[in-house]
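Student: Residue numbers (the numbering used here): 2 to 110.
Please keep in mind that the hints were generated in silico from the structure rather than gathered at the bench. Treat the hints with care, as some may be off.
[What the hints assert, rightly or not] Restricting the straight-line Cα-Cα distance to at most 25 Å, the calculated cross-link-like pairs of lysine-lysine (BS3-like) are: (1) K40 x K95; (2) K80 x K40; (3) K40 x K68; (4) K95 x K62; (5) K68 x K95; (6) K62 x K80; (7) K40 x K62.
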Amino acid sequence: MKKKVWLFSLVVLVSVALVVVSGTRLFKAYKAYHSTPEKAIRFYISIRSGPWTASRVTIEKGSYFDKRYGQQYVVEGYKDRQTGMEIRFFYLQKNRNGLWEVTSAGTGP
């Protein structure tokens, strides 16, 4: 009986350690992909359409800043897989951690 309890405790301890290590690595990867607006946009696109699509787009900083959504970026070469429409306008803001996040993306400003 003591052997089973000891084995169970060991399994739980190893599982918790794996979760902590994995979480730390995921945060570091998230931080690397959101350190600039361009990287955040490419991450957004690669999650939705794959890395091959993200590597083909061109990204330019727009001249418009929205109080609610943040800085506008104009992206060429990204089409939504479901609608087939080109998503050209992305809005980004920095979050509390100082990392860039896509707050809105669409076909029109």
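Student: Against each hint, give a clear statement of whether it holds in the structure.
Tutor: Hints and how they fare:
1. K40 x K95: holds, 13 Å
2. K80 x K40: Holds, because 18 Å separates the two Cα atoms, which is no more than 25 Å.
3. K40 x K68: Distance of about 22 Å is within 25 Å: holds.
4. K95 x K62: holds, 15 Å
5. K68 x K95: Holds. K68 to K95 sits at ~13 Å (cutoff 25 Å).
6. K62 x K80: holds, 19 Å
7. K40 x K62: Given pair K40, K62 holds - Cα atoms ~13 Å apart, limit 25 Å.
Of the numbered hints stated above, none is contradicted by the structure.
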